[in-house]
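Peer 1: Starting from the given sequences, assemble the full structure and let the hints guide the process.
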Amino acid sequence: GAVVSQHPSRVICKSGTSVKIECRSLDFQATTMFWYRQFPKKSLMLMATSNEGSKATYEQGVEKDKFLINHASLTLSTLTVTSAHPEDSSFYICSAADGAYGYTFGSGTRLTVV
Amino acid sequence: KNEVEQSPQNLTAQEGEFITINCSYSVGISALHWLQQHPGGGIVSLFMLSSGKKKHGRLIATINIQEKHSSLHITASHPRDSAVYICAGRAIFGNEKLTFGTGTRLTIIP
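Chains A and B supply the protein sequences, listed in that same order.
With our numbering applied, the first sequence has no gaps in its numbers, which climb one by one up to 114 at the end.
With our numbering applied, the second sequence has no gaps in its numbers, which climb one by one up to 110 at the end.
None of these hints come from the bench; they were simulated from the model.
Since we're looking at a predicted model, the values are computed, not measured.
Built from N, CA and C at the ideal position, the CB exists for glycine as well.
Check each hint, because a few of them may be wrong.
Calculated lysine-lysine pairs in the DSSO-like style (CA-CA distance at most 27 Å, straight line) [stated by the list, open to error]:
#	chain 1	residue 1	chain 2	residue 2
1	A	Lys66	B	Lys97
2	B	Lys97	A	Lys55
3	A	Lys41	B	Lys97
4	A	Lys20	B	Lys68
5	A	Lys64	B	Lys68
Footprint (simulated), chain B over chain A, 3 or more residues, beta carbon under 8 Å [as the list claims (entries may be wrong)]:
#	segment
6	43-49
7	86-97
Peer 2: As structure tokens, this is what we get:
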């Protein structure tokens, strides 16, 4: 089946630094990639939708300058958390839509900002 | 009121029991997805349904489009089935966004 590889799985960074999270579709082309944030014991919250070769569409309340999304190819989308603060600590997960398999999710990235 | 609602929120059962998780939605959808999230956080897509019933191993998913209701059943439940189960509706129009239910935390006791 379809696989989305997400890295890193865990990252600890200092306040004020930037962190890049990568999602790669390994055996299919992901025209659209979704980025979610999940707080403890809560459901997934859509942050933005990225389309290959165009600007990402951000959900209301999500700062696009803080959460930079790049979808430069059909197999790679990245989320960069810029100038991270402790309140950015969360679980971030991507998913790609594929007609054959529905949605395939990455394994998630647990970000801790200290 | 959430557009996609699940019940129960938490469910604890003994190993071997038949499990049912329900999902109701108030919006038009093109498909209904059932997802499984394990404690580590990874999410696996279990089913994508637009009508009828699907079965995979011990898992069965059904959907009633007229009643806007779907159920996920687990037969002969096992402790490894312990996870959060999430239903999500895919929008009819637009950019393939999913609207998520709040999840059902299932714990199977040996």
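Peer 1: State for each hint whether it applies.
Peer 2: Here is what the structure says about each hint:
no. : hint              : in the structure
1   : A/Lys66 x B/Lys97 : 22 Å, holds
2   : B/Lys97 x A/Lys55 : 16 Å, holds
3   : A/Lys41 x B/Lys97 : 21 Å, holds
4   : A/Lys20 x B/Lys68 : 39 Å, violated
5   : A/Lys64 x B/Lys68 : 35 Å, violated
6   : 43-49             : holds (count 4)
7   : 86-97             : holds (count 4)
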